[in-house]
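*Asks:* Okay, here's what each chain looks like letter by letter:
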Amino acid sequence: MSEKEIKNLEEIFEARIARDEKIEPKDWMPEKYRKTHIRQMSQHAHSEIVGMLPEGNWITRAPSLRRKAALLAKVQDEAGHGLYLYSACETLGITRDELYEQLHTGKAKYSSIFNYPTVTWADMGAIGWLVDGAAIINQVPLCNTSFGPYARAMVRVCKEESFHQRQGFEIMLTLSKGSEEQIAMAQDALNRWWWPSLMMLGPTDAESVHTEQSMKWKLKRKSNDELRQQFIDQTVPQADLLGLTVPDPDLKFNEATGHYDFGEIDWDEFWQVVKGHGPCNKERMNARVNAWDNGEWVRDAAMAHAEKKEKKKLKKVS
Amino acid sequence: MNSTKNDNNSLPMGEMSGGQRGNLYNYILGIADNSLILAQRLGELCGHGPNLETDIALTNISLDLLGQTRSYYQYAAKVEGAGKSEDDIAFLRLEREYKNILLVEQPNTHFGYVMARQFLFDIYHLMMMKELQKSKDETLRAVANKGIKEVSYHKRFSSDWIKRLGDGTEESHGKMQEAIDDLWRYTNEMFQMTAADTEMAEAGIGVDVSKFKEAYYKEVSEVLKEATLTVPESKYFAKGGKEGIHTEHMGYILADLQYMQKTFPNMTW
Ligand SMILES: [Fe+2]
Ligand SMILES: [Fe+2]
Ligand SMILES: [Fe+2]
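Sequence lines, in order, name chains A and B.
Numbered as in our numbering, the first sequence ends at 318 without a single skipped number.
Numbered as in our numbering, the second sequence ends at 269 without a single skipped number.
One thing to keep in mind: the hints can contain errors.
Claimed, not checked - Cut-off 20 Å, straight-line C-alpha distance, at most; resulting in silico cross-link-like pairs (SDA-like, lysine to any residue):
#1 Lys312(A) with Thr169(B)
#2 Lys163(B) with Asn108(B)
#3 Lys163(B) with Lys26(A)
#4 Lys309(A) with Thr228(B)
#5 Lys26(A) with Pro117(A)
#6 Lys275(A) with Pro117(A)
For the record, the hints were derived by calculation from the structure and aren't laboratory data.
Computed from a predicted model, the values in this text were never measured in an experiment.
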């Protein structure tokens, strides 16, 4: 194809997106679009499955049978989200094995929030309420993104994430109505998860790369700072409802803007965790790599067995 | 409950003697504890499976078992009539009071063990459930009617994996055989009848599991053969779980399971 032809195709492509048409895997797309989507969707998929680990940590210790079942189901939902997202990613011509390889070698990123430890039961509440809550804010706009498989995956995912968010809030509510120890546990969890949740919405606009192109492709519809403000405005009244204190002395409702003003985020901590030096980066990666490596003989056996079966079938036919 | 006698219904609880109630309570726990402890073992694996699909499937099985456990315990609490909740029964007993068979408490040594444990249990579990559908006890019948589909699926899933791993690669064959050989000694305990089991079977409420021992070994052997595995010949079997004498793993399972309830007693979660 000549440069001119490509240019032409690109123009048609951008016009389709501008008209709100969906791009499907078989459609022509610029290489950059394909790469950007593989990067963002796989990062999202990796976040879902690494995200299973901090909550998985409490399945065996959940305080009641009802909570145990709900937690199992939640972590299972996250596996399902990973599955849809990997599948959507695979439509762009990359294999699941390659995607895992990128995760396991540290080439691909996942959400940094999952590098924090879950140290009490209340963390199950705080994660559902805050982390799933922030994820929803990030993801709802993606239900209208330009790439069809991603948009459709997001519709399903968002429905389940809002269920998780309500479930998490309900855990916090139960704790906040409970004993002194339970209230303290809930407050402590809020203290530890608040700032990392704000960081989940990404670096501040001044430092954020890729935004402009992403806006055009509807991979991003609002800036990180706008999303963060939305999250804070939505969450602070919920903390009030719980009778818990948001750990930010500068937090204050601003009558003039109609939004909450908030304190300085510790971006050094953010970058430290992003760069791999958070409290659990090593543990999370080891857990994923071990699961994959220990499962190799199982996957090989499944493949070998399927081949044997196929051969037997062919023999019968001939 | 009304007091009309009906062959299809259990004795109205009011008409049961204290001894009968005690036996029914113990009988229910004997079934339920198997599901609880196996669900707990499977719960340890969530997020660590060989791939996402099996991870999701094993979590499903864990959830099914947990659902069954809750129905049983809720009923047991009612039968006992001492104002306990399902959680009191699940979390607040001493190790010696748990009645699960030793098989279900065995660790997730590797995926072959997970599947062998599941398979050896599922074949039994489905046979038991089918019989329980005929129980004179309405509640147990209802739990069995609901659970039968789930357990049929578990059995299909684990049997398929036994075949895949047994007749997969040389490595998987070796690992699968190792797991079957190791766990074989825990199979016989399933067919032993406790005093409560016998009494409840005689009353038409419980299942006489000793009856399907032969059918069990026959079915297990068929799958193992199809999987190109050797049926173990050992005649030495372990027992004790049903009487509350567990393997050394059990204490650690309970340490996790009971952690919250023991650390923070009498709270709502
Ligand atoms: Fe998710
Ligand atoms: Fe997500
Ligand atoms: Fe979620």
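*Asks:* Please go over all the hints and tell whether each is borne out by the structure.
*Replies:* Consistency of the hints with the structure:
no., hint, verdict
1, Lys312(A) with Thr169(B), "holds, 16 Å"
2, Lys163(B) with Asn108(B), "holds, 19 Å"
3, Lys163(B) with Lys26(A), "violated, 38 Å"
4, Lys309(A) with Thr228(B), "holds, 13 Å"
5, Lys26(A) with Pro117(A), "violated, 42 Å"
6, Lys275(A) with Pro117(A), "holds, 17 Å"
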